[in-house]
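Engineer: Single-letter residue listing:
Protein chains: 2
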Amino acid sequence: MRGREFFTARTVSETLAGFRPARRTAVESVPLAAALHRVPAAEVRAPDPLPGFVRSTVDGFAVRAADTYGASEGLPSYLDLAGAVRMGAAPTVAVPPGGCVAMPTGGVLPDGADAVVMVEYTAETMPGTIEVTRPVAPGGGLVRADEDVAAGAALVPAGRPLRAPDLGLLAAAGVTAVAVHARPRVTIVSTGDEVVPPCTAELAPGQVRDATASALAGLVADAGGEPVVAGIVPDDPGALEATLREVLPTADLVVVSAGSSVGARDETAGAVAALGDIWCHGLAIKPGKPTLLAECAGIPVVGLPGNPLSALVVFRLVGVPLVWRLAGCEVPPPEPTTRARLSRDVPSAGGRLDVVQVSVRDGVAAPLFGPSALLSVLTRADGHLIVPEPATGLDAGCEVEVTLYR
Amino acid sequence: MRGREFFTARTVSETLAGFRPARRTAVESVPLAAALHRVPAAEVRAPDPLPGFVRSTVDGFAVRAADTYGASEGLPSYLDLAGAVRMGAAPTVAVPPGGCVAMPTGGVLPDGADAVVMVEYTAETMPGTIEVTRPVAPGGGLVRADEDVAAGAALVPAGRPLRAPDLGLLAAAGVTAVAVHARPRVTIVSTGDEVVPPCTAELAPGQVRDATASALAGLVADAGGEPVVAGIVPDDPGALEATLREVLPTADLVVVSAGSSVGARDETAGAVAALGDIWCHGLAIKPGKPTLLAECAGIPVVGLPGNPLSALVVFRLVGVPLVWRLAGCEVPPPEPTTRARLSRDVPSAGGRLDVVQVSVRDGVAAPLFGPSALLSVLTRADGHLIVPEPATGLDAGCEVEVTLYR
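Protein sequences, first through last, are from chains A and B.
For the first sequence, UniProt numbering begins at 1 and goes up steadily by one.
For the second sequence, UniProt numbering begins at 1 and goes up steadily by one.
So here's chain A without its partners, still in its complex pose (with noise of 0.2 Å):
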């Protein structure tokens, strides 16, 4: 069995620090409208400046700044009123010595101004003069037409996921499709003799239906991935050996959600090292200990624990930054957290990261304890708290930081 050696227990953040297959997704282009939250495989650079021409950020006149100095409520500036520009057109005039043109926010600079006096500052004392109160420096009441990007400027950077207001910069700049990496494929395989379809109407006693495939891919669709759900495989090496074999070809990740018997987590290690080598088995993480991490043919493969939630708290913990890394995003968009009271003593044991499932309501966070085997925790929990490897538990009454579920 090839890797047997490699077949060590590791902590979450050796493992954060440790495990990062090489494997990227293909770069695709996609139109703008599709590219929210997808990561640019380059930075994207601005084709030419922004906004383009010398534009106006007030309303007002267009003005010779040097026309303007010295004026002030007791002594204005008169100037000739020589026209006026209009909204996204070229200014038919110029400004004169002496004279001003009436400017829209927005609005092209016309040749001969060098600043823009805001209308507060003004009055058309008689039909065709302005009278100005305010000197204006040049350059003021306007952007350069380079100021807000230059020309090869980037636009965003890349291995960002795009955030709505970057598709807006893109826009503006004329940018309607972006170079992403394709979305992560990952494949979901779930193990054990007992479980069935969700969609099996009755059960046989015994029979538990899939849980957890449908949780983790709503935990891949979150972090940018397309979920897979490659079905059951009954508790038999051979035949997750041979699942394996063959979604491996069309995967970037496959996760594989175990058995929960013991039998069933040695099946999962026995068919991993027989196609690949497994970089650690064990996890220093409650709940979650029985996972492992390894590479089969250049792809990534999670072995989860058999109980759906530990399984969920170990994908969230170390499946999610891999899913983004897959995608060339090596810091993943920050998820929501609050900080909140403890409602009661949490105990832990050093040496060991304890992911604890919490509610959340006006500012205390109380832990939900109780079997781990019961399902209804997933719902009951509005997010988890982490008491750190060094840490022997945590008192009733401290802040803590809860990363609450989306």
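No wet-lab data here; the hints were simulated from the structure.
In this text, a Cβ means the ideal position worked out from N, Cα and C, and glycines have one as well.
Please note: incorrect hints may appear among the correct ones.
[Unchecked claim] Which residues of chain A face chain B? A partial, calculated answer using Cβ under 10 Å: (1) 57; (2) 90; (3) 93; (4) 94; (5) 97; (6) 105; (7) 108; (8) 174; (9) 176; (10) 204; (11) 211; (12) 214; (13) 308; (14) 335; (15) 376.
Got chain A; can you put chain B on it based on the hints?
Structural biologist: Here is chain B on its own, set in the frame of chain A:
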């Protein structure tokens, strides 16, 4: 002009509390795999109890608890091994007095047994005889048939968007489709003589590409809505009114991103007032003051400032909760936040909510100032901080909470 008497400025908190259109989207059934972040229209209840059978939570041996009373390392109980339970199958043997049956985690408790003793406290000293070194109480090592979820109990509540773990519990209960509110259709109308579509390759002098619509579409999608980009209307009240008449019948919410000139702002109000009631015109927020909220034939209409950054600020604070509410969700899911130290003083006028774009690095939030017309702030900002209405500024070095963009 109807509704003229309502032309009135409001605070953001007044608006969130007071502008609450009654409209909700229709209810539709979606398969579980498409239900992530959708809002259930009604509580979903369990058709049957979970797990549905008395289930072992440990690997070990099903026993009659009384047969283990008094067992210890020094004086074990000896039980006859009557057989084994297979995963996913009904037991084929019962536990007789003085006997036991081998149990995998997740197996069905056989008749006669009332507890499962963990394998760690047992040894098979002779073939067919199990030595038990620790007593187990009745109910130990197992969950009752309805301990996880009772028949008819709530699986997920109405009105809270479904999270990934919720999908797991629903799958376990055999719920493969959920009645959810339809995604709100949010029709985005851009206005302005200077505004041209993002696909415009060459700009004529004074033209700008529509940045706001693409960014708004992203925010709408993040809020679970379906953005419908309706295109660009010239600065003409008749044209805007005609467009509104056309889009209102198929929209759940209409968003008008106004031209940036004074005249353009007033045109939105005129067109909307002709079709419905204006709830407020002017919001005590910076940036974003020229905001308009109205209801036209039961459809909420949001008129946004012409400046793209201002438009996004207002839509995040006022529009996003509206989109969620249209889908039946009163409390939008949490956004990511972080605490950071402010790098410099932020001035603010009392009585107005100030929204300051910031970049965040190493726990320091640096306000992004400069001409508000600059679009590049859209991608440089990692989030925003809020200076509440009563405050008159924030001091450099103080701790602030930043809402992070994702």
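Engineer: Do the numbers back the hint for residue 105 of chain A, that is, is its least Cβ distance to chain B under 10 Å?
Structural biologist: holds, 5 Å
Engineer: Does residue 204 of chain A pass the interface hint, meaning its C-beta sits closer than 10 Å to a C-beta of chain B?
Structural biologist: holds, 7 Å
Engineer: Have a go at the residue 176 of chain A hint: is there a Cβ in chain B nearer than 10 Å to its own Cβ?
Structural biologist: holds, 5 Å
Engineer: Next item in the hint list is residue 308 of chain A. Is there a CB on chain B closer than 10 Å to its CB?
Structural biologist: holds, 6 Å
Engineer: Grab the minimum C-beta distance from residue 376 of chain A to chain B and call the hint holds if it beats 10 Å, violated otherwise.
Structural biologist: holds, 5 Å
Engineer: Does residue 97 of chain A pass the interface hint, meaning its C-beta sits closer than 10 Å to a C-beta of chain B?
Structural biologist: Violated, about 23 Å.
Engineer: Are residue 335 of chain A and chain B close enough, Cβ to Cβ, to be under 10 Å, as the hint says?
Structural biologist: Because about 6 Å separates residue 335 of chain A from the closest Cβ in chain B, which is inside the 10 Å limit, the hint holds.
Engineer: Would the hint on residue 90 of chain A stand, with a C-beta cut-off of 10 Å toward chain B?
Structural biologist: holds, 4 Å
Engineer: Does residue 174 of chain A pass the interface check with chain B, least Cβ-Cβ distance below 10 Å?
Structural biologist: This interface hint holds because 6 Å falls under the 10 Å limit.
Engineer: Are residue 108 of chain A and chain B close enough, Cβ to Cβ, to be under 10 Å, as the hint says?
Structural biologist: Since the shortest Cβ distance to chain B is 4 Å, the answer is holds.
Engineer: Hold the hint about residue 94 of chain A up to the distance rule: shortest CB distance to chain B must be less than 10 Å.
Structural biologist: At 14 Å from the nearest chain B Cβ, residue 94 of chain A fails the 10 Å test, so the hint is violated.
Engineer: If you take the shortest Cβ to Cβ gap from residue 93 of chain A to chain B, is it below 10 Å?
Structural biologist: Violated, about 14 Å.
Going down the numbered hints, you'll see the structure goes against 3, 4 and 5, while the others check out.
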